[in-house]
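Residue numbers (the working numbering), protein chains in the order written: chain R, 47 to 270; chain S, 800 to 1416.
These aren't lab readings, by the way, just hints derived from the structure by calculation.
These figures come from a predicted structure and were not determined experimentally.
Please note: incorrect hints may appear among the correct ones.
[Unchecked claim] Straight-line distance between alpha carbons at most 25 Å, and here's what the computed DSS-like set of lysine-lysine pairs gives: (1) K1004(S) - K859(S); (2) K165(R) - K949(S); (3) K165(R) - K1315(S); (4) K979(S) - K1161(S); (5) K979(S) - K61(R); (6) K1123(S) - K103(R); (7) K1123(S) - K121(R); (8) K1123(S) - K61(R); (9) K132(R) - K70(R); (10) K196(R) - K1324(S); (11) K1315(S) - K121(R); (12) K1348(S) - K163(R); (13) K1315(S) - K129(R); (14) K70(R) - K1349(S); (15) K1348(S) - K132(R); (16) K103(R) - K1166(S); (17) K1300(S) - K129(R); (18) K1356(S) - K163(R); (19) K115(R) - K1324(S); (20) K132(R) - K1315(S); (21) K842(S) - K115(R); (22) K1004(S) - K163(R); (23) K103(R) - K979(S); (24) K1315(S) - K196(R); (25) K103(R) - K1324(S); (26) K1300(S) - K163(R); (27) K163(R) - K1315(S); (28) K1116(S) - K196(R); (29) K103(R) - K1315(S); (30) K1123(S) - K115(R); (31) K129(R) - K1324(S); (32) K1324(S) - K132(R).
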Amino acid sequence: MVTLTIDGVKVQAEKGSTILEVAKFYGIEIPTLCYHDELTPYGSCRLCTVEVDDGRKTRLVASCLYPVKEGIMVKTHTERLIKGRKMILELLIARCPNSKTLQDLASEIGLEQVRFKMKNEDCILCGLCVRMCNEQMGSGAIGFVGRGQKREVATPFRMASEICRNCGACMYICPAVNLQCRGVKSPGELCNSCLIITPQCLEKYGQVMCTQDSCGACVEKEKK
Amino acid sequence: MKKIRNRDHLEEIRRKLLEKRESGKPCITISSGTCGRVSDSQKVVEAIYAAIKKHGVEDKVYVRVTGCHGFCQVAPILVIYPDGIFYQQVKAKDADDIITETILANRVVDRLLYVDPTTGEKIAYEKDVPFFVKQKRLLLGNNRFVDPTKIEDYFAVGGYKALGKALFEMKPEEVSEQIKRSGLRGRGGAGFPTGAKWENCRRAKGDIKYVVCNADEGDPGAYMDRSLLEGNPHSIIEGMIIGAYAIGAHQGYVYVRYEYPLAIENSRIALNQAREYGLLGKNILGSGFDFDIKLAIGAGAFVCGESTALIASIEGKMGEPRAKYIHTVERGLWNRPTNLNNVKTWANVPLIINNGADWYSKIGTAKSKGTGIFSLVGKINNTGLVEVPMGTPLRQIIYDIGGGIPEGKKFKAVETGGPSGGCMPEKLLDLPVDFERLTEAGSMMGSGGMIVMDENTCMVDVARYFLNFLADESCGKCVPCREGIKRMLEILVDITEGRGKEEDLELLEELAEMVKDFSLCGLGKTAPNPVLSTLRYFRDEYEAHVRDKKCPAGVCKNLIEYCILENVCTGCGACLKVCPQQAIQGELKKPHIISSENCVRCGICRDACPVEAIIVS
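Please put together the full structure from these sequences, using the hints given.
Written out as structure tokens, the structure is:
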């Protein structure tokens, strides 16, 4: 066992576990996008970045990958971290403005504006689908293609894959496309509708079986 | 070729080799590295051989074709030893004169001599050329004495002596201790203490360990690793064998980029020759130590210079970095302990073993030991590779060795550390160049590129240029680097094209800080350096672009206007004839006018004007 401090609280953790796993266990929430319990951590979204002080210096590390060490002091919500996370979300929303996952995270973290030119992409390149296909489905039909700005998820040579079983696991795990935010009306707008906790549709429509998380979009639609 | 049985056998081979070479017999040395070859050095070599045959002096001279000597501005260089007569920019047609005049008549060919641009004097001997005089060429110096395709040449300059010393006189831990005490730091840019890295790797658990030489030099304008690998590959191989012995590795890799064909060819030849002599393979020099090196060729991605991406590339995976929370010395190539060092770091090793840690630690500054090799390029009189002790001030490198800025223009900035380094302004010219000082000033050592810029350079445009390079070369794995660089570039393009807003500068700074803090690997963490350093030292230029919509250096096309000075224009019509847009009007012998509506700011008219009447405002 290893003893470490997270946000001022002394905790014990098993050797070899990551900061994120330990934080989750103790109920400390760290936002993530490219992380999934059942998949190998990838460290690409950088939202889970935390401050680690090992007694010599303070470093920013991705908590999903950083193995816990004896005596380290971890801070998960400093001003510097929140500022950085906001900027990462701002960049991601500018890329995929209609992703509900991103809009929800933005609401939670209190992002107020998007200052970049809006694009209309679907994929945030988190790599969950690639890992899902490879590790859980044992298929490996899709992977990353291209570098930098030209990076995308595709099948080899962009041809219909012979090994893809159309299982849909990639779609199931995708945080960006499977839930679309319908509250955004103009480009660059931040939705924030999901912050309304009581579903107003219930009051208005009685017993409506909402198929999605209450997003409030129906109410917004009515207002028009 | 017989395998070398033991250390004495090596010394015997060396002795016989030196005896065979007649002292005093002139040796015509031609620099034919990549820089020489683009200036037709291969034709010069052919012509020299033909001239020697023609005049029947085959047994009177030696000919040696070497790698780059460092003074690339005047390549190909031809030096005749032992006197060191120095001819520059030699052409094939000069070969006959060199043989008849210098070799046969012992006279210097005047027209091929180097003229010192500052004094105007002709210089006949290599030892007097100012570019070389002020350097300390520990690593590069041997390039001129070694034909990279002949291992015997490397023996002749004392090659593999350090290997013998390490294998027979020192224990592995003593070798890494020696390196540790010398203060050698990784020359790839980060400056991690080499000895400590070796020790960590030696102590790491595992039977199979690897050593890797990182020759994936991808910075625009930096080519010292290439020159070393092309010109003196055995110095790197020797360093790697010593390193492997210290660590306990039996397999090594040299990772070279595909764009360096000559370096690949020469290292392949060198590896084969070392293998034939028994310097690689089983039981090296009869010591019982086994080690071999494979050549891995990269496909030319900048990010593969990052250690974990390089390792992924050797493994045959996509060249993408991973987090280094578990170091490569513990889990690297194929999850085995791996020690990765830069070309220059490896080349330093034989020097330290031969001369001792104390000798080495006397060179340089308190925390940065030894020499640094810098590729001096851009707006500079003497383009080339400069090797100086660490701590040499920028001013000495740029003015005393580099010969200053061409055409008498004013110095503006020097970009150190490649595309992710920073731009140092004139007020920092007296900054001693070492790892710490450069980092404090917002730049970095990097692999050692130095791009000099004159007053006609727009610093916003420079930042845009480097960001454009990095946006292309980012692997795209993590969000801060992929999206952040793209957006910084977007803002910079807006600013250079006149669409910049006041708040853009703040956003740029905020974004740069985030990319620096949150990125996964070194590429992303240093990518904002060009932006942050230009914002720090040249903020007024950004403000001029944003507020006044003007480019003070006259570079950004949307923010400048060409006009003709009425009192200077002679009305010759030269500009009118060359203008592709027919934007210039005027009668003969009367001042002409440029219509800014039609002008595309190509600058052709300015080049064509015989009286310099066209200016940028």
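Evaluation of the provided hints:
Of the supplied pair hints, the one linking K1004(S) and K859(S) is violated, its CA atoms being roughly 58 Å apart against a limit of 25 Å. The straight-line distance between the Cα atoms of K165(R) and K949(S) is roughly 57 Å, outside the 25 Å bound, and the hint therefore fails. Straight-line distance between C-alpha atoms of K165(R) and K1315(S) comes to about 24 Å, which keeps the hinted pair within the 25 Å bound. A C-alpha spacing of about 14 Å is found between K979(S) and K1161(S), which places the hinted pair at or below 25 Å, so the restraint holds.
Distance hint between K979(S) and K61(R) is unfulfilled; the C-alpha atoms sit about 32 Å from each other, more than 25 Å. Annotation: proposed proximity of K1123(S) to K103(R) holds, straight-line Cα distance about 16 Å (limit 25 Å). With a CA separation close to 20 Å, the supplied pair K1123(S) and K121(R) stays within the 25 Å bound. Of the pairs offered as hints, the one joining K1123(S) and K61(R) holds, with about 18 Å between alpha carbons and a cut-off of 25 Å not exceeded.
Simply put, K132(R) and K70(R) have alpha-carbon atoms about 21 Å apart, close enough for the 25 Å limit, and the pair holds. Restraint check: the Cα-Cα separation between K196(R) and K1324(S) comes to about 20 Å, which is no more than 25 Å; the hinted pair holds. Taking the CA atoms of K1315(S) and K121(R), the gap is about 19 Å. The hint holds against a cut of 25 Å. The suggested pairing of K1348(S) with K163(R) holds, with an alpha-carbon distance near 21 Å, which does not exceed 25 Å.
For the proposed pair K1315(S) and K129(R), the alpha carbon gap of about 13 Å is at most 25 Å, so the pair holds. Straight-line distance between C-alpha atoms of K70(R) and K1349(S) comes to about 53 Å, which puts the hinted pair past the 25 Å bound. Taken as a hint, the K1348(S) and K132(R) pair is broken in the structure, with Cα atoms around 31 Å apart against an allowance of 25 Å. Between K103(R) and K1166(S) the CA atoms are separated by roughly 19 Å; this keeps the pair inside 25 Å, and the hint holds.
Restraint check for K1300(S) and K129(R): satisfied, since their Cα atoms lie roughly 22 Å apart, inside the 25 Å limit. For the given pair, K1356(S) sits about 23 Å from K163(R) by alpha-carbon distance, which is consistent with the 25 Å threshold. Under the criterion of a C-alpha separation no larger than 25 Å, the hint pairing K115(R) with K1324(S) is consistent with the structure, at around 24 Å. With a C-alpha separation of about 15 Å, the suggested pair K132(R) and K1315(S) falls inside the 25 Å cut-off, and the hint holds.
For the hint linking K842(S) to K115(R), the alpha-carbon distance of about 62 Å lies beyond 25 Å, and the restraint is violated. Proposed proximity of K1004(S) and K163(R) is contradicted: the alpha carbons are some 50 Å apart, above 25 Å. Note on K103(R) and K979(S): the hinted pairing holds, with a Cα-Cα distance of about 23 Å set against a maximum of 25 Å. With a C-alpha separation of about 22 Å, the suggested pair K1315(S) and K196(R) falls inside the 25 Å cut-off, and the hint holds.
A distance of roughly 17 Å separates the Cα atoms of K103(R) and K1324(S); the hinted pair therefore holds under the 25 Å criterion. A C-alpha spacing of about 14 Å is found between K1300(S) and K163(R), which places the hinted pair at or below 25 Å, so the restraint holds. Between K163(R) and K1315(S) the CA atoms are separated by roughly 22 Å; this keeps the pair inside 25 Å, and the hint holds. Taking the CA atoms of K1116(S) and K196(R), the gap is near 18 Å; set against the 25 Å cutoff, the hint holds.
With a C-alpha separation of about 17 Å, the suggested pair K103(R) and K1315(S) falls inside the 25 Å cut-off, and the hint holds. Note on K1123(S) and K115(R): the hinted pairing holds, with a Cα-Cα distance of about 15 Å set against a maximum of 25 Å. As the CA atoms of K129(R) and K1324(S) are separated by approximately 17 Å, the hinted pair is consistent with the 25 Å bound. For the proposed pair K1324(S) and K132(R), the alpha carbon gap of about 18 Å is at most 25 Å, so the pair holds.
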